[in-house]
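2 protein chains.
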Amino acid sequence: MSIRKPKQALYEQFAIVAKALGHPQRLELIEHLAQGTRSVDLLATKLGLPIANVSQHLQTLRRAGLVHAEREGKFVNYRLADNTVLSLFASVRSVAERHLAEVDRIVRGYFDARDAMEPVTREELATRMRDGLVTVIDVRPADEFALGHVPGAINVPLACLQERPPEIDPDREVIAYCRGPWCVMSFEAVAALRKRGFQARRLEDGLPEWKAAGLPVEVML
Amino acid sequence: MSIRKPKQALYEQFAIVAKALGHPQRLELIEHLAQGTRSVDLLATKLGLPIANVSQHLQTLRRAGLVHAEREGKFVNYRLADNTVLSLFASVRSVAERHLAEVDRIVRGYFDARDAMEPVTREELATRMRDGLVTVIDVRPADEFALGHVPGAINVPLACLQERPPEIDPDREVIAYCRGPWCVMSFEAVAALRKRGFQARRLEDGLPEWKAAGLPVEVML
DNA sequence: CTGTCATTCAATAATTCGATTGAATGATTT
DNA sequence: AAATCATTCAATCGAATTATTGAATGACAG
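Each protein sequence line maps, in turn, to chains S and A.
For the first sequence, position 182 (counting from the first letter as 1) is numbered 284 according to the working numbering, and the numbering increases by one without interruption.
For the second sequence, position 120 (counting from the first letter as 1) is numbered 222 according to the working numbering, and the numbering increases by one without interruption.
FYI, nobody ran anything at the bench for these hints, they're computed from the structure.
Take the hints with a grain of salt, since some may be wrong.
Same chains, same label: a pair holds when it works inside one copy or across any pair of copies.
Subject to a maximum C-alpha distance of 30 angstroms in a straight line, what follows is the list of computed DSSO-like cross-link-like pairs (lysine-lysine) [as the list claims (entries may be wrong)]:
id	residue 1	residue 2
1	Lys-107	Lys-148
2	Lys-107	Lys-313
3	Lys-121	Lys-297
4	Lys-297	Lys-148
5	Lys-176	Lys-297
6	Lys-107	Lys-176
7	Lys-313	Lys-121
8	Lys-148	Lys-313
With the hints as extra help, turn the sequences into a complete structure.
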């Protein structure tokens, strides 16, 4: 049957892509790679996994065309193939949020104050920043901040934020953001800020989505 | 670590969705369900697989929230959860087409006359149909045609088309469509029509995408 | 050239997934 | 109620995936 063979072969390829996304830790790797180019052992450190394990997962992602690898001296740096990978991830997330009761349960259980944490849209933030009305804080670790951040944002890693009050104007609203839609850091940051009396909200999604939306990004040299 | 557990749990859910797409035959099931609501053994017949096997795959898809099941008398009818499933599928396809060399190889090998088969866009077809300039044929099996088709299209299943020339005006261009972007039937149909001297082209994608684009669909009662 | 470091490869064991078979369930018909 | 049909469940076996370990490779520093 020459009529069904090519389709079969194509569908096997599509399945390779989907299968590569079918592992929680590979999804987390993608989230980290969305922040910028990263080496294997940096990723291993961030995820708290053995290097060999991370290396294997990265190769699965590479075979699926989701990431590219490039040697630079001793290190091998991985990066996302392009923005379509992020939108694929977003599609998966969207279907899961819509149709899996378990997702709803987790969100309600851990993010129960979520209604009070309605995010600020990117457009709204861009406007209000132009008018100088808000303080924007990036709660990701310093190395991720360095790879790119919202222009004018100040870097207050979540760990620091929870230790001592940040040195920011208490009369201006604070907008916090982190890695992406379900990165818990911005949720925790808003909770910590509010407990200290700040008026705080989250930015929708994280830096990768801000960047993908074509908004300006500041990079530290 | 209360900070990483909810994310982990969410990512496991996202992985369930991705994993469900990670099998060629489940992708094919989705393609068929995109045509409309279908029973288990109808799908089993169409794919040429054992019923129990198809039932299991469908349950995997159900657990991932991609399809819904509904009992109707003796039959259990499955349908796609909603249009976001189709766009998820499209995202997977897009990444695979962009980044997997093997996809390119398959396409070149089997669809080598593809350049000569540049598809007609949905908008173009809608316009030209309004002006009555083209003949539109739906080369899917009759049962799929019955569940919904482009208004005014005539049903000439591929098998029939290859047996004997269709009874259509040889002076008008013929536009053929089938199940979706990589459904080979419309490719074969165009090849067959051209061999018989017709001027023929493919519609981009298939009926599900036409429908998802909000264009009108005719249903047989 | 040797040592060190980052990464990958290779081998193993544990787990999960997939296809197949036959029995069990649920609904309809006689 | 018994028979029939569509579907699911349960159990099996073989195949594929995963985590882990240790050895091999490639690049750089001394």
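*At most 30 angstroms between C-alpha atoms: does Lys-107 with Lys-176 qualify within a copy, between copies, both, or neither?*
For Lys-107 and Lys-176, the Cα distance exceeds 30 angstroms both inside one copy (43 angstroms) and across copies (33 angstroms).
*Give the relationship of Lys-121 and Lys-297 under a CA distance limit of 30 angstroms: within one copy only, between copies only, both, or neither.*
Neither way: Lys-121 and Lys-297 sit 42 angstroms apart in one copy and 40 angstroms across, limit 30 angstroms.
*Check Lys-107 against Lys-148 for me: Cα-Cα at most 30 angstroms, and say if that holds within a copy, between copies, both or neither.*
Classified as between; 15 angstroms across copies, 43 angstroms inside a copy.
*asked:* With identical chains, the pair Lys-313 and Lys-121 could be close in the same copy or across copies; at 30 angstroms between alpha carbons, which is it: within, between, both, or neither?
replied: Both: 27 angstroms inside a chain and 28 angstroms across chains, each within 30 angstroms.
*Give the relationship of Lys-176 and Lys-297 under a CA distance limit of 30 angstroms: within one copy only, between copies only, both, or neither.*
Result: close neither inside a copy nor across copies, 45 angstroms intra and 58 angstroms inter.
*How would you classify Lys-148 and Lys-313 at a CA-CA limit of 30 angstroms: within, between, both, or neither?*
within (22 angstroms within a copy, 44 angstroms between copies)
*Is it within, between, both or neither when you check Lys-107 against Lys-313 at 30 angstroms Cα-Cα?*
Cα proximity of Lys-107 and Lys-313: across copies only (27 angstroms, versus 40 angstroms in one copy).
*Measure nothing new, just compare the shortest in-copy and cross-copy C-alpha distances for Lys-297 and Lys-148 to 30 angstroms and report within, between, both or neither.*
Classified as within: same-chain Cα gap 28 angstroms, cross-chain 60 angstroms, threshold 30 angstroms.
When held up to the earlier numbered hints, the structure conflicts with 3, 5, 6 and fits the remainder.
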